[in-house]
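Student: Sequence:
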Amino acid sequence: MTGTPLRIGFIPLVDAAALLVAVDKGFTAAEGLDVTLVREVSWSNVRDKLNIGLFDAAHLLAPVAIASTLGLSQVKVPIIAPFNLGLNGNAITVSPALYAAIIGEADGDPANPMVTAKALARVVAARRKSGGEPLTFGMTFPFSTHNYQLRFWMAAGGVDPDEDVRLVVLPPPYMVDSLANGHVDAFCVGAPWNSVAVDLGVGHILHYVSDILERAAEKVLAVRETWALKNSEVLTRLTRAHGHAADFIENPDNRTEVSRILGAPERIGVDPEVIRRTLDGRLK
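Numbering (this note's numbering) for the sequence shown: 1 to 284.
Don't take each hint at face value.
[What the hints assert, rightly or not] Distance ranges between label pairs, derived from CB positions: (1) T2 x G182: 45 to 53 angstroms; (2) E273 x P110: 22 to 30 angstroms; (3) D162 x E233: 45 to 53 angstroms; (4) A155 x G3: 29 to 37 angstroms; (5) L87 x P110: 23 to 31 angstroms; (6) G158 x R215: 34 to 42 angstroms; (7) G182 x L229: 22 to 30 angstroms; (8) V41 x T226: 25 to 33 angstroms.
Quick caveat, the hints were computed from the structure, so don't treat them as lab data. Quick caveat: nothing in here was measured; it's all calculated off a predicted structure. Positions of the beta carbon are idealized from the N, C-alpha and C atoms, including for glycine.
Make a model of the complete structure from these sequences and hints.
Tutor: This is how it looks when you write it as structure tokens:
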């Protein structure tokens, strides 16, 4: 007997863990759900496919759920989020050159985001005076905590994010290559891509954004409100499966298996050891 078929989109990020583990460990199947996971590259793809019904549910940026419900810069499609997939998952990673420039201008402890924000302002001013191009920062989507966190940090140090630098949208899996190729000078993204940049020697993690803004809701399990009203019992089962998956992930004894699941080529597609460091809170 087959279960209720569901198509769910996700972006290759560690905060999709509850969704990926729910499916790959059989928690969704135990709830009578036959889930097909669809790996996507960009948040606009995920949003649009959810909005028009190609996805029944999705791993989604929390601010996108709000923006879609309000019809901001897109069609108005009410979205609900019955399950929060993660908090505080982002970091700001900068190129070796920008890291050296910021540290060189830092007046105080560079672990303090205010110190680095003011140092960044001095770097920006020096580039402008010398006729250099504005620094380019990558973020994942206009309606994202990544965008808001970068802006908050910059503005605190006196940098106008709309005038003094360039903020560009990049899909999370493309951040590292963009930094390595010099297309951006820095980026704000979720795990594991900051650690991947460090391991490849193309970036330095400057800050965890939890040091800038605490308890920021990152990603959610999102469904259309109309779908939820028609499928409330299915949604209850899907949410329950995510809860069981989250409990499994939280058990330290399961971290190696979870890292293997997430690191698989069809999931996130990176070295499971990088995933394991993230789960253990050992980002570098």
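Student: Now, for every hint given, state plainly whether the structure supports it.
Tutor: Do the hints match the structure? See the list:
Under the hint 45 to 53 angstroms, the C-beta atoms of T2 and G182, about 50 angstroms apart, fit the expected range. Look at E273 against P110: about 27 angstroms separates their beta carbons, and that is inside 22 to 30 angstroms. A hinted range of 45 to 53 angstroms for the beta carbons of D162 and E233 is consistent with their spacing of about 46 angstroms. Taking 29 to 37 angstroms as the suggested C-beta distance range, the pair A155 and G3 does not conform, at roughly 49 angstroms.
For L87 and P110, the hinted distance range of 23 to 31 angstroms is satisfied, since their beta carbons lie about 24 angstroms from each other. For the pair G158 and R215, the supplied restraint of 34 to 42 angstroms is violated, since their beta-carbon distance comes to about 26 angstroms. Between G182 and L229 the beta carbon distance is about 49 angstroms. The supplied range of 22 to 30 angstroms is therefore violated. Checked against the hint of 25 to 33 angstroms, the pair V41 and T226 passes, with Cβ atoms roughly 26 angstroms apart.
In this structure, the hints that do not hold are numbers 4, 6 and 7, in rising order.
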